[in-house]
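Model the full assembly from the supplied sequences, consistent with the hints where possible.
This is what each chain is made of:
Protein chains: 2
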Amino acid sequence: MSLSMYEASIPVFVRMLGNLSTILAKAQANAEARSIEPKVFIEARLAPDMFPLARQVQIASDTAKGCAARLAGVEVPSYPDTESSFAELQERIAKTVEFVQGIQAAQLEGSETRIVTLKMRTGDLTFPGQAYLLHFALPNLYFHVTTAYAILRHNGVDVGKMDFLGGV
Amino acid sequence: MSLSMYEASIPVFVRMLGNLSTILAKAQANAEARSIEPKVFIEARLAPDMFPLARQVQIASDTAKGCAARLAGVEVPSYPDTESSFAELQERIAKTVEFVQGIQAAQLEGSETRIVTLKMRTGDLTFPGQAYLLHFALPNLYFHVTTAYAILRHNGVDVGKMDFLGGV
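Line by line, the protein sequences give chains A and B.
Basically this note's numbering = 1-based index in the first sequence + 513.
Basically this note's numbering = 1-based index in the second sequence + 513.
Incorrect hints may appear among the rest.
As the list claims (entries may be wrong) - Simulated pairs of lysine-lysine, DSS-like, Cα-Cα distance not exceeding 25 Å:
| # | chain 1 | residue 1 | chain 2 | residue 2 |
| --- | --- | --- | --- | --- |
| 1 | B | K608 | B | K552 |
| 2 | A | K674 | A | K539 |
| 3 | A | K608 | A | K632 |
| 4 | A | K608 | A | K539 |
| 5 | A | K674 | B | K674 |
| 6 | A | K552 | A | K539 |
| 7 | B | K674 | B | K552 |
| 8 | B | K632 | A | K632 |
| 9 | B | K632 | A | K674 |
Because the hints were derived from the structure by calculation, they are not lab data.
Below is the structure:
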């Protein structure tokens, strides 16, 4: 059975969103144990001009749902980016996973060459589906999940590499 | 043309190692411009019990060369992990790219099901090649390149998302 666009996207997204959920649950428990206001973590940044934790989670969600939808040729669901608590971030992840899991392998057949256009501030970006998945969506997803992890590690949350990789 | 193990690995590794090289070059220039001793960046960490920048680069290299070699069924080249300057880190990246680029598409044919065994401190980890690539090697590579980026951003180096993604 050869590698498919489906295997390289949907199960990867589901797994990494699940790992992000685990990491956030550990952060919430850590905040409670150390009597730290949850917003301290949710608004934490690694640099003044980097996004805070909540935005990292929202962009990880956007990357996964956007890629799954575009490769399948269906409309990208729009979420309002209003999450400001761990419970709301967990809901955001859960609804993203639900959407992504709803995409079937048959919908991604031939998506290697499906043309994907992204509207960026700097203009349109156009890719064949395979380049979009491998060189844009996956690096972006991993970038934002890793940055969420790094923000929390920097703030003393006891997460480890196995939480990031999940179930190895 | 359907997605292949080669396309999902070798060009991704080469691209991300190239982006890591660009990010380190910007860090070196930034250190010079701000009269900061390069070791300050090279030894910087996001948490006391996380690896410093140099080790992040070494592990990114290890992940790429290890995955390329194991999927191809050839010996993993061993590098001594002695880099302590930007020039040495750039050499490490360059020799990794050279090794990875030497792996041909034909060597990865059928590697979806090739059994890969990793010797970990906690015991052996065994995967079919596809799961090893998608759920272990790629997340690890992105984790360490993102963490290198985050260490530098946290230290005020003017790198941006486009440096991380490379040539989008």
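Now for the hints, and whether the structure bears them out:
At roughly 22 Å between alpha-carbon atoms, K608 of chain B and K552 of chain B fall within 25 Å of each other, so this suggested pair holds. Proximity of K674 of chain A to K539 of chain A is assessed by CA-CA distance (about 13 Å); at most 25 Å being required, the pair is judged to hold. Annotation: proposed proximity of K608 of chain A to K632 of chain A holds, straight-line Cα distance about 23 Å (limit 25 Å). Note on K608 of chain A and K539 of chain A: the hinted pairing holds, with a Cα-Cα distance of about 20 Å set against a maximum of 25 Å.
For the suggested pair K674 of chain A and K674 of chain B, the alpha carbons sit about 23 Å apart, so the restraint of at most 25 Å is met. Between K552 of chain A and K539 of chain A the alpha-carbon distance is near 15 Å, which keeps this suggested pair within the 25 Å criterion. Between K674 of chain B and K552 of chain B, the direct Cα distance comes to roughly 24 Å. Compliance with the 25 Å bound is thereby established for this hinted pair. Annotation: proposed proximity of K632 of chain B to K632 of chain A is violated, straight-line Cα distance about 44 Å (limit 25 Å).
For a cut-off of 25 Å, the pair hint linking K632 of chain B to K674 of chain A stands: about 16 Å separates their Cα positions.
Checked against the numbered hints above, the structure violates only hint 8.
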